Amino acid sequence: MRVLRRQTGNFLEDFRPGHVFRHKGGKTVTEGLFTTFTEFAMTANPLAKNARYARAYGFDGLLCPPGLVMLVAFSQTVEDVSENARANLEYIDMRFGAPLYVGDTVEVETKVLGVKSSASRPNLGVVHVQSTARKNLGAGDEAIVLTWQRKVQVYKRDEKAELHAGDVPPDRVECELVLPAYSRGQDYKALAHLSSPHSYFEDFEPGTRIEHSRGRTMTSEHIHLTAVLDNTSQVHCNQFMIDQDPKQYVGGQLIIFGGIPFVLCLGLSSPDVGDNALGDVVYPTGRHTAPLFAGDTVFAATEITGKRDYPGRDDLGVVETRLLGHKFERAAGAEASADAPAGWKKTQIFELERHIAV
Amino acid sequence: MRVLRRQTGNFLEDFRPGHVFRHKGGKTVTEGLFTTFTEFAMTANPLAKNARYARAYGFDGLLCPPGLVMLVAFSQTVEDVSENARANLEYIDMRFGAPLYVGDTVEVETKVLGVKSSASRPNLGVVHVQSTARKNLGAGDEAIVLTWQRKVQVYKRDEKAELHAGDVPPDRVECELVLPAYSRGQDYKALAHLSSPHSYFEDFEPGTRIEHSRGRTMTSEHIHLTAVLDNTSQVHCNQFMIDQDPKQYVGGQLIIFGGIPFVLCLGLSSPDVGDNALGDVVYPTGRHTAPLFAGDTVFAATEITGKRDYPGRDDLGVVETRLLGHKFERAAGAEASADAPAGWKKTQIFELERHIAV
Amino acid sequence: MRVLRRQTGNFLEDFRPGHVFRHKGGKTVTEGLFTTFTEFAMTANPLAKNARYARAYGFDGLLCPPGLVMLVAFSQTVEDVSENARANLEYIDMRFGAPLYVGDTVEVETKVLGVKSSASRPNLGVVHVQSTARKNLGAGDEAIVLTWQRKVQVYKRDEKAELHAGDVPPDRVECELVLPAYSRGQDYKALAHLSSPHSYFEDFEPGTRIEHSRGRTMTSEHIHLTAVLDNTSQVHCNQFMIDQDPKQYVGGQLIIFGGIPFVLCLGLSSPDVGDNALGDVVYPTGRHTAPLFAGDTVFAATEITGKRDYPGRDDLGVVETRLLGHKFERAAGAEASADAPAGWKKTQIFELERHIAV
Chain H
1 MRVLRRQTGN
11 FLEDFRPGHV
21 FRHKGGKTVT
31 EGLFTTFTEF
41 AMTANPLAKN
51 ARYARAYGFD
61 GLLCPPGLVM
71 LVAFSQTVED
81 VSENARANLE
91 YIDMRFGAPL
101 YVGDTVEVET
111 KVLGVKSSAS
121 RPNLGVVHVQ
131 STARKNLGAG
141 DEAIVLTWQR
151 KVQVYKRDEK
161 AELHAGDVPP
171 DRVECELVLP
181 AYSRGQDYKA
191 LAHLSSPHSY
201 FEDFEPGTRI
211 EHSRGRTMTS
221 EHIHLTAVLD
231 NTSQVHCNQF
241 MIDQDPKQYV
251 GGQLIIFGGI
261 PFVLCLGLSS
271 PDVGDNALGD
281 VVYPTGRHTA
291 PLFAGDTVFA
301 ATEITGKRDY
311 PGRDDLGVVE
321 TRLLGHKFER
331 AAGAEASADA
341 PAGWKKTQIF
351 ELERHIAV
Chain Y
1 MRVLRRQTGN
11 FLEDFRPGHV
21 FRHKGGKTVT
31 EGLFTTFTEF
41 AMTANPLAKN
51 ARYARAYGFD
61 GLLCPPGLVM
71 LVAFSQTVED
81 VSENARANLE
91 YIDMRFGAPL
101 YVGDTVEVET
111 KVLGVKSSAS
121 RPNLGVVHVQ
131 STARKNLGAG
141 DEAIVLTWQR
151 KVQVYKRDEK
161 AELHAGDVPP
171 DRVECELVLP
181 AYSRGQDYKA
191 LAHLSSPHSY
201 FEDFEPGTRI
211 EHSRGRTMTS
221 EHIHLTAVLD
231 NTSQVHCNQF
241 MIDQDPKQYV
251 GGQLIIFGGI
261 PFVLCLGLSS
271 PDVGDNALGD
281 VVYPTGRHTA
291 PLFAGDTVFA
301 ATEITGKRDY
311 PGRDDLGVVE
321 TRLLGHKFER
331 AAGAEASADA
341 PAGWKKTQIF
351 ELERHIAV
Chain Z
1 MRVLRRQTGN
11 FLEDFRPGHV
21 FRHKGGKTVT
31 EGLFTTFTEF
41 AMTANPLAKN
51 ARYARAYGFD
61 GLLCPPGLVM
71 LVAFSQTVED
81 VSENARANLE
91 YIDMRFGAPL
101 YVGDTVEVET
111 KVLGVKSSAS
121 RPNLGVVHVQ
131 STARKNLGAG
141 DEAIVLTWQR
151 KVQVYKRDEK
161 AELHAGDVPP
171 DRVECELVLP
181 AYSRGQDYKA
191 LAHLSSPHSY
201 FEDFEPGTRI
211 EHSRGRTMTS
221 EHIHLTAVLD
231 NTSQVHCNQF
241 MIDQDPKQYV
251 GGQLIIFGGI
261 PFVLCLGLSS
271 PDVGDNALGD
281 VVYPTGRHTA
291 PLFAGDTVFA
301 ATEITGKRDY
311 PGRDDLGVVE
321 TRLLGHKFER
331 AAGAEASADA
341 PAGWKKTQIF
351 ELERHIAV
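The listed protein sequences derive, respectively, from chains H, Y and Z. According to our numbering, the first sequence is numbered sequentially starting from 1. According to our numbering, the second sequence is numbered sequentially starting from 1. According to our numbering, the third sequence is numbered sequentially starting from 1.
Keep in mind that a hint or two might mislead.
Said to hold, decoys possible - Per the computed footprint, the stretches of chain H lying under chain Z, defined by three or more beta-carbons under 8 Å from a beta-carbon of chain Z, are:
| no. | segment |
| --- | --- |
| 1 | 26–39 |
| 2 | 129–140 |
| 3 | 217–224 |
| 4 | 227–233 |
| 5 | 239–250 |
Said to hold, decoys possible - List time: in silico DSBU-like cross-link candidates among lysine-lysine, alpha-carbon distance up to 35 Å:
| no. | chain 1 | residue 1 | chain 2 | residue 2 |
| --- | --- | --- | --- | --- |
| 6 | H | Lys160 | Z | Lys345 |
| 7 | H | Lys346 | Y | Lys346 |
| 8 | Z | Lys247 | Y | Lys345 |
| 9 | H | Lys346 | Y | Lys156 |
| 10 | Z | Lys151 | Y | Lys189 |
| 11 | H | Lys111 | Z | Lys247 |
| 12 | Z | Lys247 | Y | Lys346 |
| 13 | Y | Lys156 | H | Lys189 |
| 14 | H | Lys156 | Z | Lys247 |
| 15 | H | Lys307 | H | Lys345 |
| 16 | H | Lys346 | H | Lys151 |
| 17 | H | Lys346 | Y | Lys189 |
Treat the hints as calculated values from the structure; they're not laboratory data. The structure presented is a predicted model; accordingly, all values stated were derived computationally and were not measured. Glycine included, C-beta positions come from ideal geometry on N, C-alpha and C.
Can you make the complete structure from the sequences, with help from the hints?
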């Protein structure tokens, strides 16, 4: 019997600058997906929890929060771009567009912008891509829901393979946050008790850092969550692969998909920062600064870095923030500090520039 | 940079008798939520599983079982009432009202009835509250779905803080089980094979104790389940907090949210007791008698304590029961008994007075 | 107080050849159930992921993939047939019928075909059954969705009980795959990028074995997944029962419900074999050849064993395959082989004859 060893996903030598992937699958947002990912992260914005509130604000129903939009869109690109990746390095210029609802179908395309070898590790290199997610192609409400660039560290299939190294410029993608208009007749005040009284535009003062009080311990649930997103990257779910050569992999164990702490930090911050937001506008940059593993407890903080008007809307402003995620690791002998109690050190795991429409 | 340490939730000194919380968020029941919580507990009542059956009995579609109604309503009160609690002490006079369906939106208010310091532990005290959950506010089918009181042991922020100790009387809340009328034209017999032949009104004899045969081992899934309910109490999900001072917390580890064994016991009992019930009427009292941790296996038993007519309905009766939950713990050297095999002891974890419309 | 120890499920001595169980409960497919079970297994067929694609192919919306149909239908039979089973031995002649959608309600009947004692283990024997799952009974689209036989190893309640040993012939059940017609006006090519370019009828060559590249580590999530399916077999979820007499149970620990690796192998194979399939036609035979436990990583391979025309359809063919599942176990001192790296051995866990409409 002839044996074929099928490889899913691409390796570093397979990427060519300028190539466009039209990703397979596509994904219809069900109520199952909506619930799992809106709520595992403790999202507090009533637009994503309370259909009465969302309709009063002019949305068609429960609104997919930014973290869910990001997870669904991003995951569609994993098989082609990062199934054989070691780590995701950087998010760039992630901009939100039309609102995403239960029942919408998302499909994604990705253009390869750059391919580069690694100076120090001959079996690795960096791929730079630009992706755009559209909903309901061919229907009346077809629209872009998210566009972003990212850089990802990808393994070679064959260490000696020659690369298609080089760069092409990104496409210009029209993608701006679509928000329902302010409705003069609507009694928004009657709903005000459903969100925090301390997270309106006026409450944010640049130069402030808010330490969010909640922590959330991740478990091996991450394997299931990652699969449900169609994220097929093997470093999140294939323990046998890790066991064969642990040194090859970050931390020598299954690493939690970066989308999980990304969305968890958004959720942990939401009682203080996000629950009066109508939407997230743009994430100019973001990166994972340390890996997350099952058993770690995630915390978040938000720095208010600026404020500006929302173009064309008197009732809204844009709050510019830096969202930070961290965990604590045991450090024998460490003394207590402002950051961590004795015997522990604080490790930053994530940072994201985040501009919010409030 | 100015640092704000935001505290979510209230501490003992923040509660004032007579104060009413209109809880944030609210929650629309999605099919994702419905499936997760109806089924993790092995609920056997076809009203919650089989839409054909539920419609034949006059419901609009799949019916949220009592356990799900309780979990959704209760969890909405956690941030304000028990995010900083040590343990939930007692459920009192929990009464069911209108049926709850997928698509309904639940919002909850809570009145503080009493605040009391603890004689023995200066950093703790007891808060007594009364909560009422309504669905679809402002719509034609607005209705109360659940009302209840509870007592909860809450930490102080500052051990020396003065309390607003005292009591106010509970409000009178009109909340009675709403059931579809008996329909003379409906062939209920044609559906009888879908539920147990041994759980009709005539089958229950006061003075009987039914030991339900199934057990269900809980895993670290409880962290995820609790988050999906918007229950933000840190003792269920923040391992780092526990690790810093384990003695401060029940069992020195993450404790499973009491709503989980509550609903699990309802589910484990349902093949014998609940699967011919049209609804649960009232839970006069209930309490957790021991904590539950990941790895424990939960069992349940039901004592039949009484029977009475259902006012205004010839086809129904009320069965009065005591639902009991227990687990087994290793006990080196313990001899075999009627309760437990050698080397184990039986620990009761939960009890609930439960009146069921059958 | 009089104590009743209720037993759920039947033991070996309770089964009589010819008896028909009309199973309790029934199950309406919600979007929560759909998402959990379509996606935990990494199913890649766009018919189950992308509603735009499914409708273009003539389906009413997202299609339940074969694995989900099997899990829902099979699980309905567990309480009566295998709640007290040790292991499922064999699947026989599992044939698919009408498409199953979200919102459909499944009800199942099972006929006992045979009862046999075990020669070597006096407390065990084999039950042979034939089950048929129908959807939407009494409605206009009532239809058979699945029919199958299985053999299962069941415990006796009482080792000395006499059996109703014997056999009756299976019923003839009309159940053929129902597929939407080929539509001349539909531009299928415009959707071709949503599935693999390498899994069309012409791509399969009998005599080929495809090693699928992905692995998926199972965790204790299996307890939750099994409960959500209403599968109440205690060997999957009752750790206390196992702890009392581990030798009595396969592997001395909680065994993962066979439906999980069944569906996981279908999912792992789907990028290479199943994502251009319109449906699975029949599984003539299948069996679990080794148990699966939490922590194991599952892999799959597909052997192409034959090809034939699809009766009455020029645009389709039937690909005959053998789907194989395996895991790796540590084997101290084992040398590297074509099958496994040094220190490991490969263990086959599952095999299924599978005929697919492509």
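Outcome of the hint check:
Under a criterion of three residues with beta carbons nearer than 8 Å to beta carbons of chain Z, the stated coverage of the segment 26–39 of chain H is upheld, 9 such residues being counted. Given as covered by chain Z, the segment 129–140 of chain H passes the check, having 4 residues with a CB less than 8 Å from a CB of that chain where 3 are the minimum. Coverage of a stretch by a chain is defined here by at least three residues with a beta carbon nearer than 8 Å to that chain's beta carbons; for the segment 217–224 of chain H and chain Z the count is 4, and the condition holds. Note: the segment 227–233 of chain H has 5 residues with beta-carbon separation from chain Z under 8 Å; the three-residue rule is met and the coverage holds.
Proximity of the segment 239–250 of chain H to chain Z, defined as three or more residues with a beta carbon under 8 Å from a beta carbon of that chain, is established by the 4 residues found. At roughly 30 Å between alpha-carbon atoms, H:Lys160 and Z:Lys345 fall within 35 Å of each other, so this suggested pair holds. For the hint linking H:Lys346 to Y:Lys346, the alpha-carbon distance of about 42 Å lies beyond 35 Å, and the restraint is violated. Annotation: proposed proximity of Z:Lys247 to Y:Lys345 holds, straight-line Cα distance about 21 Å (limit 35 Å).
For the given pair, H:Lys346 sits about 26 Å from Y:Lys156 by alpha-carbon distance, which is consistent with the 35 Å threshold. Distance hint between Z:Lys151 and Y:Lys189 is fulfilled; the C-alpha atoms sit about 32 Å from each other, no more than 35 Å. Distance hint between H:Lys111 and Z:Lys247 is unfulfilled; the C-alpha atoms sit about 57 Å from each other, more than 35 Å. Restraint check for Z:Lys247 and Y:Lys346: satisfied, since their Cα atoms lie roughly 23 Å apart, inside the 35 Å limit.
Proposed proximity of Y:Lys156 and H:Lys189 is supported: the alpha carbons are some 32 Å apart, at most 35 Å. For the proposed pair H:Lys156 and Z:Lys247, the alpha carbon gap of about 47 Å is over 35 Å, so the pair is violated. Of the pairs offered as hints, the one joining H:Lys307 and H:Lys345 holds, with about 32 Å between alpha carbons and a cut-off of 35 Å not exceeded. As the CA atoms of H:Lys346 and H:Lys151 are separated by approximately 26 Å, the hinted pair is consistent with the 35 Å bound.
A C-alpha spacing of about 64 Å is found between H:Lys346 and Y:Lys189, which places the hinted pair above 35 Å, so the restraint is violated.
Violated hints, listed in ascending order, are 7, 11, 14 and 17; each of the other numbered hints is respected by the structure.
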